[in-house]
Amino acid sequence: MLYREAGQFKASYATDQQIFPIRQDRIAVAALTALAFVIVPLVADQYWLSAILIPFLIFALAAVGLNILTGYAGQLSLGTAAFMAVGAFGAWNFVLRVPGMPLLVAFALGGICAALVGIVFGLPSLRIKGFYLAVATLAAQFFVVWALTKFNWFSNYSTSGVITTQRMEILGFAFDTPRAKYFLTLTVVVVLALAAKNMVRSSIGRAWMAIRDMDVAAEVIGIPMLRTKLLAFAISSFYAGVAGALYAYCYLGTVEPEGFNLDLSFKILFMIILGGVGSILGSFLGAGFIVLLPIFLNTVARPLENLLGLSLPPGLMSNLELIVFGGLIIFFLIVEPHGLARLWQITKEKLRLWPFPH
Amino acid sequence: MATAARKSGDVVLKLENISLAFGGVKALSDISFDVREYEVRAIIGPNGAGKSSLLNVINGVYHPQQGTIMFRGKQRRDMDTHEAAAQGIARTFQNIALFRGMTVLDNIMTGRNLRMNATFIEQAIWVGRARREELENRRKVEEVIDFLEIQHIRKTPVGRLPYGLQKRVELARALAAEPSLLLLDEPMAGMNVEEKQDMCRFVLDVNEQYGTTIVLIEHDMGVVMDISDRVVVLDYGKKIGDGTPDNIRNNQTVIDAYLGVAH
Amino acid sequence: MKSVKSALLGLALLGVAASAHAQNEQFIPMNGYWVGPYAAGGSGIFGGFIDYINMINARDGGVGGVKLTYEKCETEYNNARGVECYEREKKKGPTGATVIHPLSTGITYSLIDKAAADKIPIISLGYGRTDASDGRVFPYVFPLITNYWSQNTAKIKFIGMREGGMDKLKGLTIVNIYHDSAYGKETIPILDAQAKKYGFTVKHIPVPHPGNEQGSQWLQVRQIKPDWVILRGWGVMNPTALKAAAKIGYPRDRIIGVWWSGAEEDTIPAGDAAKGYIAAGFNVAGANFPVIQDIKKYVYTKFKGEMEDQTRIGSIYYNRGVVHGIVTVEAIRKGQEKFGKKPLTGEQMRWGIENLQISEARLKELGATGFMQPLKVSCMDHEGGGAVKFLQWDGNKWNAITDWIQPDRELVRPMIEQSAAAYAKEKNLTPRDCTKEAPPA
Amino acid sequence: MSFFFEVLIGGLLSGVMYSLVALGFVLIYKASGVFNFAQGSLVFFAALTFVGLREHGFNSALALLATLGVMIVLGLLIERIVLRPLVNQPQITLFMATIGLSFVIEGFAQLLWGANVRGLELGIQDEPIEQITTYTGMNVSKFDLSAAGIAALLVTGLALFFSRTRIGRALRAVADDHQAALAVGIPLQQIWGIVWAVAGFVALVAGLLWGARNGVQFALTFVALKALPVLILGGFESIPGAIVGGLIVGASEKLAEVYLGPYVGGGIEGWFPYVLALVFLLFRPEGLFGEKHIDRV
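Protein chains in written order, with the numbering used here: chain C, 1 to 358; chain R, 359 to 621; chain L, 622 to 1062; chain H, 1063 to 1359.
Check each hint, because a few of them may be wrong.
[Claimed, not checked] Below, a list of computed lysine-lysine pairs in the DSS-like style, where the Cα atoms sit at most 25 Å apart: (1) L:K688 - L:K925; (2) L:K778 - L:K817; (3) L:K824 - C:K150; (4) C:K350 - R:K498; (5) L:K688 - L:K896; (6) L:K740 - L:K997; (7) L:K817 - H:K1204; (8) C:K350 - C:K129; (9) C:K348 - R:K513; (10) H:K1204 - L:K896; (11) L:K896 - L:K1018; (12) C:K10 - R:K513; (13) R:K498 - C:K197; (14) L:K712 - L:K959; (15) R:K554 - C:K197; (16) C:K10 - R:K498; (17) L:K1057 - L:K1046; (18) C:K150 - L:K712; (19) L:K688 - L:K1057.
I should point out that these hints are in silico values taken from the structure, not numbers from a laboratory. Model, not experiment: these values are computed from the prediction.
One chain only, chain C, in its complex shape:
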């Protein structure tokens, strides 16, 4: 009875086309935003902020980016981490080389660098589809990491190729505590997630989905294949790039090209598959799941290990973690191939009817 849209009549198309048309959703989103901006910073300690919430938000942003490309536009990519790397190194170089460069502008420029690289590696998508394209995006993955390692200019000739982010300051306010970094990350992520939501419910989003669902029909309608696909690559890479910049600035503080390896790309792909392909909400759910699961397994495993004594082989818990992680992924795919977002949708549909059976 609580989650009901009955009685909420739309008097105009404008109200019907709101970002969250159902009143309860609006309330929930508002409450969640308030929670994230007000309550969490008050309650969460440093561990939660800097080890869980910040990476969660950053990965969610990268997942939103990948979801635009893979979930909405239907182009499978295995190179997300590379675009994150471009964003991180791009932003860092802009701050380093342009005096007085505002931080947020540097993030955006880093994202734009990633978008340009994304367009280049998106070009083959016109001819190549499915797994051929997926494997082809690995070219981006390996090439970008190689180039960042190889050409020392990108890391300002540091011997190791590692970059350490500069002090973060916006309008004189220093972002050097976990809480401040959390605020910055949260703001960027919320703004970009809303923008993504707006895009996918506009004509560009419909064009992406049309290409995903049936490209020939989309072309016949007059959706330009080249522009639409490349735009998906560009915007997706922009999101990944900004996420990469945040990853460097707000999370790790120091990054090296190899940190943006294939494993990271897979991790983000996992997020959208488990969270829900073609769902902005799913990107967040998936990111939460993938960030929290290993930590949860680890925090459960270690005390268990102590409890059972040292007679266990040392690698046991680590290996079990890996097995359980992989097993749970398979389990979730089998139980709900459309991801957590679909699970949530089903719950909502049930809630609409609750407490009546029909």
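Fit chains R, L and H to the supplied structure of chain C, relying on the hints for placement.
Okay, now just chains R, L and H, sitting in the frame of chain C:
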């Protein structure tokens, strides 16, 4: 039906000596025919006669090896899908080509994508032109939805709809583009009598109310003879007949081809 | 608020909260890796480290009556997880995490700022930031014993010794085969500087990660026909390199590896192809040292050992773990001298490490004579040693073939200071004045 | 010039090693449309099981048989537990499931046999053949030649299996058209089980050869990355494609590294095959031997 009474205008589309082959297989050989403004033009023929290929040539999905296409006064070697759409050609497909992951409303809205000019940045911020365009086009789409009587399924994902309704949604998507030339590939295939009647009514209404020229592939001879102004008959990629329904009905080659194929 | 928070945490941390910490304990996080491509190194090193801690607890009842506790956290050699482990572990124990061994250059880099803010010292034994040897700029980072640049100069010295004098280096050609990564690239500048100084030619050949295919690199070696090859490998790259060298017939006793290329894990998979191969090391292999025997006696006879496969006790990685244990425990001892026999805080621990001295005599007491080199850390010098021993693989085990060979400090130190100064400038740090630091107690 | 040929031959022989891994991918993709990312883990698991059993006192032949048995059982289990419940799901879901599967296999392998790095001697020395060296000045490794021979045997064996046995023919039918195969009464699931078992066998062969080359260790899972560009070039569904693709990738990456690498700082082997494959795809999107699909509308 009083088809003869209806005004048919100038030739808007003219195909001349079109030949199309895939690898070594000839799909169309030396086909010529024209379409006049405001008319309902049917293409008939047995399975594999090249009917769908012909539609695909008209709106640029296939590029013929030979021949020319004249559309709205412009002669060309082949069509480009995007150009075709921009010039006002819309179509439906034999095997429904809806966007299965999207709702009915979104599917129909894609039909108006060409009319939405807001940049993705405006759309991301959802202000000004982007918002205005969404609303204006939504209004148009709602007209189409009312016209085809599918208000009740507006928010349903198309994948969940029964076949007949899917066909109707596909027509809606094509109509949303406000086309001047509408290509319909077996719009009534697989429908029951009632659904067919509905569909016939819609096609004729479109033709009459909006003045849309219609090119139609259909197997149901009754329907074809009823609603079309002129008919082209294909067999094995060749044109074997062209004329009014009455002409075709009495054309010996056509009768042979049909009887020969049927049994 | 507090209760909401603890409820949230409690949910995730489950049993952790339940085990109340006794007060007279000092906590050391063991954030390592027991799975993945580098699990052999991670499990070996943390095996030796943990065994040593357990031995100290069992034999001596801890350090000065303070029991040492630890908890493992799996980092998978991944920066993000390494940071999470660090954040999770840093508040545990009565005085929090008191020292951290990231065992990954990437994780070390990611922790430098955080650890300094949390006042938890980082010990990076034989990895991490080379320029952190300058303690003025990096008060909380200790790349103890030796760093990549030092070992590289020692390698050139070794080559000089083999050639019959440093003047004989002139005109030689040395190929540097390196893992194409931040880690691999680190020694390129120092090699170039040395090439200039001694007049040899150096050619750098990168091997792309993971390095399981090196045909083209070694064909290049075959074409160049170098006098020596320096191997800066990691993981599977090492045995593959040795195999590839055998394939082109390049003599293995002219290949000199770094310590991450010089463990049993690097040679055994190469089989006969590894015979004669030489690597630098800052600890030796072997289980005959009293310290290892004590571990066996106090830990393994009680079935509490970390190593499932006990043949690995005394291996290079295992012994390196014991070295981790020795420097950590000795630093605690040093700290207790000044701050009293109680659990140290991270800050006090930092002082202990910075004033750590392990003399030859002390090594003897520890049962580790010849096991590792004597150490003298200071505010200026966070490396404290710098020497390496060269070990040769005879097909079954690593044998030391030299004594401790000192690095070329005149060459290395200015480069370190220059690099550290650049870092300080970039980060807007004021280096400490070491003359004002508290002298050793 | 002789150096050029040496690089070329070395590359071709390395390429054979890539093909071996790629074969496993092709088999499974052909029969069930699954892009099996866990193939690398299977290679690792097979090699580790083999040396693990030998450490426990099995002789080589027995260990080989036992490992083969384990791989077949593993293949059948994967089909039964992971893929059968996911039948008719989108390809990307299946792909993800195999990544999850790779974690399980990797964890399980190390749990069972420990994280130790092991050597594996097959009794074939990885050394240059002297006669060839004396006559031509080129180094050709005995081991590489033997590996090529084994690969040739394997491919011949598979070809015979597909063309001569009833199961093989059924398998081809399945590869051509699942629905039609089902309609004529071919038991799909049984066929899939067999394919997974055969893929397990191929993984074992690849695992032994790669294990002998690099040591039996976790990094064996990375050989999958070497196989992917081979797959794009050769097509996901073609066994000859896997072989020819492997040869092209092996030769071109070596030549590129030796002759192109020095101009850009080297280390280009990691991405060169992918870019090559990408450029190739622009001209032939269905791969070397893949079938051209015409979009019908």
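For each hint, the structure was consulted:
Between K688 (chain L) and K925 (chain L), the direct Cα distance comes to roughly 16 Å. Compliance with the 25 Å bound is thereby established for this hinted pair. Proposed proximity of K778 (chain L) and K817 (chain L) is supported: the alpha carbons are some 14 Å apart, at most 25 Å. A distance of roughly 16 Å separates the Cα atoms of K824 (chain L) and K150 (chain C); the hinted pair therefore holds under the 25 Å criterion. Taking the CA atoms of K350 (chain C) and K498 (chain R), the gap is about 33 Å. The hint is violated against a cut of 25 Å.
As the CA atoms of K688 (chain L) and K896 (chain L) are separated by approximately 44 Å, the hinted pair breaks the 25 Å bound. With a C-alpha separation of about 22 Å, the suggested pairing of K740 (chain L) with K997 (chain L) holds against the 25 Å cut-off. As the CA atoms of K817 (chain L) and K1204 (chain H) are separated by approximately 40 Å, the hinted pair breaks the 25 Å bound. For the given pair, K350 (chain C) sits about 37 Å from K129 (chain C) by alpha-carbon distance, which is inconsistent with the 25 Å threshold.
Under the criterion of a C-alpha separation no larger than 25 Å, the hint pairing K348 (chain C) with K513 (chain R) is consistent with the structure, at around 16 Å. Of the supplied pair hints, the one linking K1204 (chain H) and K896 (chain L) holds, its CA atoms being roughly 19 Å apart against a limit of 25 Å. At most 25 Å may separate the alpha-carbon atoms for a hinted pair to count; K896 (chain L) and K1018 (chain L) meet this at roughly 10 Å. About 13 Å separates the Cα atoms of K10 (chain C) and K513 (chain R), which keeps this hinted pair within 25 Å; it holds.
Our distance criterion of 25 Å between C-alpha atoms is met by K498 (chain R) and K197 (chain C), whose separation comes to about 23 Å. Restraint check: the Cα-Cα separation between K712 (chain L) and K959 (chain L) comes to about 23 Å, which is no more than 25 Å; the hinted pair holds. With a C-alpha separation of about 39 Å, the suggested pair K554 (chain R) and K197 (chain C) falls outside the 25 Å cut-off, and the hint is violated. Taking the CA atoms of K10 (chain C) and K498 (chain R), the gap is near 17 Å; set against the 25 Å cutoff, the hint holds.
Distance restraint check for K1057 (chain L) and K1046 (chain L): the Cα-Cα separation of roughly 21 Å lies within the 25 Å cut-off, and the hinted pair is therefore satisfied. The suggested pairing of K150 (chain C) with K712 (chain L) is violated, with an alpha-carbon distance near 39 Å, which exceeds 25 Å. Using a Cα cut-off of 25 Å, the hinted pair K688 (chain L) and K1057 (chain L) is violated, with the two alpha carbons roughly 33 Å apart.
Of the hints listed earlier, those the structure fails to meet are numbers 4, 5, 7, 8, 15, 18, 19, in rising order.
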